[in-house]
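Please arrange chains B, C and D on chain A, whose structure you already have, making use of the hints.
4 protein chains.
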Amino acid sequence: MTIKVSIIGATGYTGSELVRILYRHPEVELVALTTRSYIGMPMSEVYPHLFKYSHLTCEEADLAKIFDVSDVVFVALPHGHAMPVAHEAARSGKKLIDLGADFRFTDFQVYESWYKVEHKAKDLLPQAVYGLPEVNREKIKEAWLVANPGCYPTSAILALAPLLKQKLIDTGSIVVDSKSGVSGAGRGLSLGSHYCEVNENFKAYNVAAHRHTPEIEQILSRIVGEQITVTFTPHLLPVTRGILSTVYARLSSGAGAEQLRQLYREYYKDEFFVRVLPDGTLPQTKWVAGTNHCDIGLTVDARTGRVIVITAIDNVVKGASGQAVQNMNIICNLPEDTALAGPGLYP
Amino acid sequence: MTIKVSIIGATGYTGSELVRILYRHPEVELVALTTRSYIGMPMSEVYPHLFKYSHLTCEEADLAKIFDVSDVVFVALPHGHAMPVAHEAARSGKKLIDLGADFRFTDFQVYESWYKVEHKAKDLLPQAVYGLPEVNREKIKEAWLVANPGCYPTSAILALAPLLKQKLIDTGSIVVDSKSGVSGAGRGLSLGSHYCEVNENFKAYNVAAHRHTPEIEQILSRIVGEQITVTFTPHLLPVTRGILSTVYARLSSGAGAEQLRQLYREYYKDEFFVRVLPDGTLPQTKWVAGTNHCDIGLTVDARTGRVIVITAIDNVVKGASGQAVQNMNIICNLPEDTALAGPGLYP
Amino acid sequence: MTIKVSIIGATGYTGSELVRILYRHPEVELVALTTRSYIGMPMSEVYPHLFKYSHLTCEEADLAKIFDVSDVVFVALPHGHAMPVAHEAARSGKKLIDLGADFRFTDFQVYESWYKVEHKAKDLLPQAVYGLPEVNREKIKEAWLVANPGCYPTSAILALAPLLKQKLIDTGSIVVDSKSGVSGAGRGLSLGSHYCEVNENFKAYNVAAHRHTPEIEQILSRIVGEQITVTFTPHLLPVTRGILSTVYARLSSGAGAEQLRQLYREYYKDEFFVRVLPDGTLPQTKWVAGTNHCDIGLTVDARTGRVIVITAIDNVVKGASGQAVQNMNIICNLPEDTALAGPGLYP
Amino acid sequence: MTIKVSIIGATGYTGSELVRILYRHPEVELVALTTRSYIGMPMSEVYPHLFKYSHLTCEEADLAKIFDVSDVVFVALPHGHAMPVAHEAARSGKKLIDLGADFRFTDFQVYESWYKVEHKAKDLLPQAVYGLPEVNREKIKEAWLVANPGCYPTSAILALAPLLKQKLIDTGSIVVDSKSGVSGAGRGLSLGSHYCEVNENFKAYNVAAHRHTPEIEQILSRIVGEQITVTFTPHLLPVTRGILSTVYARLSSGAGAEQLRQLYREYYKDEFFVRVLPDGTLPQTKWVAGTNHCDIGLTVDARTGRVIVITAIDNVVKGASGQAVQNMNIICNLPEDTALAGPGLYP
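Protein chains in written order, with my numbering: chain A, 1 to 347; chain B, 1 to 347; chain C, 1 to 347; chain D, 1 to 347.
Isolated chain A, as found in the complex (with noise of 0.2 angstroms):
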């Protein structure tokens, strides 16, 4: 079986991420690459360390002729652009992998008052699924259509789902402190990502009003069924790829850490690409750069009755273009590590 697949906004970082991970994968045959930049260049000359590796030429998107010509098509673009493209491929019956955030929430008020922007595919957000594997695996084997999901949220869920689950933890206590590093902001030139200013630098950013909040938000709240909130910080690391997610909550029972960490354990024990690391081991980014992974460390402040949860993932990988592929996998019926598995770049 050979899947044609197609990326719309392939010129980005997560898109050439896509090239980068599909290239391994055995039954995909990338067809065309969208851009808006980039027009008639060969995509090895956008991204020469694809030389070699990529001899598509990035184009023009013709939505209908990609849709034709494709099995599954990766959107990755700004929010607010995906809404046609799912329309498209909604007519086309073709299945459509969303790396934005224009369908990741049911309640499109949410969306509006986030993104400020309208959102003009109300009638497809019921069809849409949230495609964090690890919590929606079943929906997504379904789904024609797939809201791949932040990189933020998708550290901080996996951190908080085990504990939600089991009720474990205060609802009202959870506070979200995450470092990213620069290429979540893409490869669009702003003075925040000018080297200069980033280099030997750490800041907080958009805090308390990142809006990555209300996807954790309402994720959160559909695992334990009951409205959360959380407040949730970003900060910008300089480094380019990888985000570790600080996740602090009050615990309602008196757990200690290696009965937490066997909860985890048990919680994700079928899930390849999450690894609970052991009893004084706790994650670094640089121990999934390049992998779908996402550890999982944990501690308990006995003084203060706190549990610690820390995550590691790669952003650009499990935060965004590893992740669509694993979903890809999912809604293909592939082994769902196929072009995924494989250790990381380290040192």
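Be careful, since some hints might not be right.
Each pair may be met inside one copy or between any two copies, as identical chains are not told apart.
To be verified - Computed list of lysine-lysine pairs in DSBU-like fashion (alpha-carbon distance at most 35 angstroms, straight line): (1) K139 to K52; (2) K269 to K52; (3) K167 to K52; (4) K65 to K94; (5) K269 to K167; (6) K4 to K269; (7) K269 to K165; (8) K122 to K141; (9) K52 to K165; (10) K4 to K52; (11) K139 to K94; (12) K52 to K141; (13) K269 to K120; (14) K65 to K141; (15) K52 to K120; (16) K116 to K141; (17) K167 to K94.
I should point out that these hints are in silico values taken from the structure, not numbers from a laboratory.
Below, chains B, C and D without anything else, positioned relative to chain A:
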């Protein structure tokens, strides 16, 4: 007036930073630098950036001789090593500023239980003064034995002092999430400071177990007048200098962000080294690199009722050697910013 | 005496660095900062590290007004923009120090062929003085129009001047292999300065075609008294500040390394800002970070008959703003190291 | 077919990289990992990025036993330690690929004079084959003892081989200016690899004295058929992985850049791992990060008659472990790119 100054343990990073700062001090003459590893080597050979600026040769520490020729002695040694020096200072009647932890705790048992060594100068503890000028200036003025604060406590205490003084937060709700550059770990070799292990990496360490926790708690408790515990999580940033602390607490009142910012401005109105940033601006570590400033920004997460206070310092300056010189200026009755004012290096 | 100083183009990195350096200058009062992008914004908002240190608001450049209130004007603009400013300076009788390339070339045709713009102030070229104090101090003393050298030329010329002056090398054999930090490219946005493209990366650029080549050649030719061409290759280092130049030439004599080092010590014996390092020590960019020093080390490859001279500067200081202040001190008859002496920030 | 493979010295960076690469090798079974520092520790604990990917425990090296169970043995030890292993390999009749320098030199006296140790396996030197496939493939095919090239020599020889083969350059004019990431110095602790000493810093080291010099010269001399000396200067880049070599030589003919580029394309036309970049594109280390590629770009400086050839490799892959696996594939008669093809991690 010329103050004769010596540095015990001059060849670590905080020692060489003292030399850098004191070069600009018009009232100071450096008379001796001691070392264990580089005996007989010119300081400018141990640290070639000091070429043309330091003409002293590093020598073995002969305490009696050092105090004989000095008015003020800085101790930049690992914890446990300042006690005999303090006894010698007491005998000599000279002043001592210890950059380590040996004299930071009123209660020697707290020290012994967190630092795992016996305290051998308990008799001097009542005379030691905690050297955080912004909260303890009056006592420092009279002191002969100053315990220079730890880097993390400096960043955490300055973040929380105004809120606690005004009793605006739930004292049981404090979470301090701190991120530090690698220089905080010193010049001693370890795998944790090995370039390839740190570069492009990020991790938490000593979670719920770092020795700066009881130091933070002791000072905050003193400010608020009740026993406080905090959850404190240090992380290692892939940068050389800088600490950013993100501090969370639940507001007990309904105070808004601008109201709180105004409170901070009032609280720190006479403090040259504290810069309360305007609305919309949050601290970045690079803005204070090489300076003795502590920048503070804050916001309120109205959805969850938490205040988020963010502070940035240079861990080697305000977190160590700069604050030590600030303390020296105070005990020598000099303008507090002597040798310390001036913008940092940006970018 | 107070010198009134203005900066045209103050909101780039060399402009803000001038502000940082001049803060420490006891004889200077900054009176105006101009900008194109941040008109009406306080300088301390454009660059928050200057908070508490700069009280000026950035304004649009009104040349007549600027020269009216200033004794010395620095121009920190892209090439091609200093010519009208120089004409205004000529009219006003005030002094101008241009950090760009417009007045570095004696021969306007060389300028026009490398910089691809017409020179519109040819009449002033005979009065312009190349501002490298270590080779041109006497002329600078009398100048009203100083062309501050390029960063790479500073590092290359200081490396080669003693050898050429003494005619110790084959003048056709010179190769200059230079590596620069990213701040040299300024604060303007470009993919080449985008964090993720530079971080953990290294490349050469403008090979055999960089505009600093004819500048190096012009000054070296003047020193040796014959026309010299060099092969010059710039590279981009993933650091913010620093240039290290590795310079190769074939020795025409059989001079040994220590003999040459002695020659350099003699040649630079009155130059505070040049530090000739001892045998066995080679320059590192971090040793000069934030300083106006040029460190020099050398060795002889006896097997191949080549001398290898290595220089390190901070491209923003000795390679731009620091050298500009050094030039100001010279033309204002002040001690040359005013506001410029002091060790750099290490580590 | 399954090849049983062991690694002597598996817990250094080149050892762990072999584990990473061999994980993807369909014909390899790793049977033993030896160590001196981590005896009895699971490899995935020494290197947690290998969690779920390596199930072996590191053991003390018992050579007889290792060769008994292995078909191919990699040696990833410091120089001087592979000689007894090679003797054991000879006795066992198994194959050995040495990543160190012990078997790279035909003339043991060259080895002894540069490496300052006695060669204790001179008898085996005539059987050792220099493992740079692009210049020595036919001999490697028949070898049982492969001396894997040094990282710098790989980058320098691939840069110069086509020019020397065609006798297009003055052989006395070669200058190799190389810049390497820190991983080349290994995982052993030293001040030179201490984070704060390397970060935001850049320096040359071992100038005109690096041990890779005679290795470069030996192979280039063999290619051109005359004795060649080169000036070789290594520098330390503040990155983890990557070597970029900028190679200068005077052209003896008047060949132009495109003509030379065509020569390189022809010379390397069957070499999958060499990528000759198009006109206008020069190598960047990040484009080859994590890959076995050597990217080559070149230009001609017509003004000075020099050709400038630039190569980029990942020092841990093509400069060490990847090339070692390439050699293993050759001696085992497998497709040469097995486990090695695929784009690198960018950004």
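Hint check:
1. With identical chains, the CA atoms of K139 and K52 are at most 35 angstroms apart between copies only, with a shortest distance of 27 angstroms across copies and 38 angstroms within one.
2. Taking identical chains as interchangeable, the C-alpha atoms of K269 and K52 lie at most 35 angstroms apart only when they sit on different chains, with a minimum of 12 angstroms there against 39 angstroms within one chain.
3. In this homomeric assembly, K167 and K52 come within 35 angstroms of each other (Cα to Cα) only across copies, at 29 angstroms, whereas the closest approach inside a single copy is 52 angstroms.
4. In the homo-oligomer, the alpha carbons of K65 and K94 lie at most 35 angstroms apart inside one protomer (12 angstroms), although the nearest pairing across protomers, at 57 angstroms, exceeds that limit.
5. In this homomeric assembly, K269 and K167 come within 35 angstroms of each other (Cα to Cα) only inside a single copy, at 19 angstroms, whereas the closest approach across copies is 46 angstroms.
6. Taking the shortest alpha-carbon separations for K4 and K269, both the intra-copy value of 32 angstroms and the inter-copy value of 31 angstroms come in at or below 35 angstroms.
7. In this homomeric assembly, K269 and K165 come within 35 angstroms of each other (Cα to Cα) only inside a single copy, at 15 angstroms, whereas the closest approach across copies is 48 angstroms.
8. With identical chains, the CA atoms of K122 and K141 are at most 35 angstroms apart within one copy only, with a shortest distance of 22 angstroms there and 63 angstroms across copies.
9. When the C-alpha separation of K52 and K165 is checked against a cutoff of 35 angstroms, the pair qualifies only between copies, where the shortest distance is 26 angstroms, while the shortest distance within a copy is 47 angstroms.
10. In this assembly of identical chains, K4 and K52 lie within 35 angstroms of each other by CA distance both inside one copy and across copies; the values are 20 angstroms within and 31 angstroms between.
11. Taking the shortest alpha-carbon separations for K139 and K94, only the intra-copy value of 17 angstroms comes in at or below 35 angstroms, while the best inter-copy value is 53 angstroms.
12. Proximity of K52 and K141 under a CA criterion of 35 angstroms is satisfied in both settings, with 34 angstroms inside one chain copy and 25 angstroms between copies.
13. Taking identical chains as interchangeable, the C-alpha atoms of K269 and K120 are never at most 35 angstroms apart, the minima being 40 angstroms within one chain and 51 angstroms between chains.
14. When the C-alpha separation of K65 and K141 is checked against a cutoff of 35 angstroms, the pair qualifies only within one copy, where the shortest distance is 26 angstroms, while the shortest distance between copies is 49 angstroms.
15. For a Cα distance limit of 35 angstroms, the shortest separation of K52 from K120 qualifies neither inside one copy, at 40 angstroms, nor across copies, at 44 angstroms.
16. Proximity of K116 and K141 under a CA criterion of 35 angstroms is satisfied intra-copy only: 31 angstroms inside one chain copy versus 55 angstroms between copies.
17. Within a single copy, K167 and K94 get their C-alpha atoms no closer than 39 angstroms, and across copies no closer than 59 angstroms, so neither meets the 35 angstroms cut-off.
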